[in-house]
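Residue numbers (our numbering): 1 to 144.
To be clear, the hints were calculated from the coordinates, so they are not data collected in a lab. Any given hint might turn out to be false.
Straight-line Cα separation of at most 27 Å, DSSO-like style, residue types lysine-lysine; simulated pairs [unchecked claim]:
hint : residue 1 : residue 2
1    : Lys-11    : Lys-54
2    : Lys-13    : Lys-115
3    : Lys-13    : Lys-54
4    : Lys-115   : Lys-54
Here are the computed distance ranges between Cβ atoms for each label pair [unchecked claim]:
hint : residue 1 : residue 2 : range
5    : Glu-101   : Ala-57    : 18 to 26 Å
6    : Glu-101   : Ser-25    : 32 to 40 Å
7    : Thr-28    : Arg-76    : 14 to 22 Å
8    : Cys-45    : Thr-21    : 22 to 30 Å
9    : Ala-88    : Pro-53    : 45 to 53 Å
Heads up, the beta-carbon is just placed ideally off N, CA and C, and yes, glycines get one too.
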Amino acid sequence: MAISITVADVKRKAGIDSANTSYDSAITSLIAEMQGPLEYSIADCYLGDTSNPKLQATLRLGMLEMIAGEIVEQIRREPGGSEQFGIAGLTMGPSVAAGAELIRQGAARLAPYLKSALPMMSEAASANSTIDRDPTFSEDEEVW
């Protein structure tokens with residue numbers, strides 16, 4: 001895999017104490033599960049452009065945000081992971097949207113670099129490939 005994401009990176013981004021090792025195996029599994037598909041969804045021209053460190057940092061950050069958001073969501077789904085209590089209008093507990101927001105942020109960061117964002121061949125190809133001849137369709141004619 002071209003981009004390196006570590007357990008320490010995910011823990012930092014997810015707000016998990018670095019001394020807490022109880023989630024390390026889950027994070028390692030999640031990195032292995034998500035990194036390949038995320039890299040595959042990125043267009044090869046961007047993923048392979050290792051001469052551009054800022055682009056690689058952007059791709060890495062987007063992937064890191066998505067993986068960290070997923071681990072936050074997994075922790076939130078654990079028993080007691082999303083409990084909140086409130087007194088006189090003050091609510092204490094984990095943010096309900098924290099993991100989902102990280103995932104959305106990472107997806108938005110990666111969106112311009114995805115294979116699905118590249119034009120399809122039919123959108124990029126010319127309707128008439130003969131340069132020295134008249135156009136197949138006139139400007140007055142509507143094409144369906």
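Hint consistency between Lys-115 and Lys-54 [alpha-carbon to alpha-carbon, up to 27 Å]: holds (19 Å)
Agreement of Lys-13 and Lys-54 with the hint, judged by alpha carbon distance not exceeding 27 Å: This hinted pair holds, its Cα atoms lying about 19 Å apart.
Pairwise beta carbon distance, Thr-28 to Arg-76, judged against the given window 14 to 22 Å: Given range 14 to 22 Å: holds, Cβ gap about 19 Å.
Assessment of proposed distance window 22 to 30 Å (beta carbons of Cys-45, Thr-21): Because 39 Å falls outside the window, the suggested range is violated.
Cβ distance range 32 to 40 Å for Glu-101 and Ser-25, holds or violated: violated (25 Å)
Hint check for Ala-57 and Glu-101 - Cβ pair distance inside 18 to 26 Å: holds (21 Å)
Satisfaction of hint between Lys-115 and Lys-13, Cα-Cα up to 27 Å: Distance of about 26 Å is within 27 Å: holds.
Distance restraint between Lys-11 and Lys-54, which requires alpha-carbon spacing of 27 Å or less: holds (22 Å)
Cβ distance range 45 to 53 Å for Ala-88 and Pro-53, holds or violated: Since Ala-88 and Pro-53 have Cβ atoms about 50 Å apart, the given range 45 to 53 Å holds.
Of the numbered hints stated above, those contradicted by the structure are hints 6 and 8, listed in ascending order.
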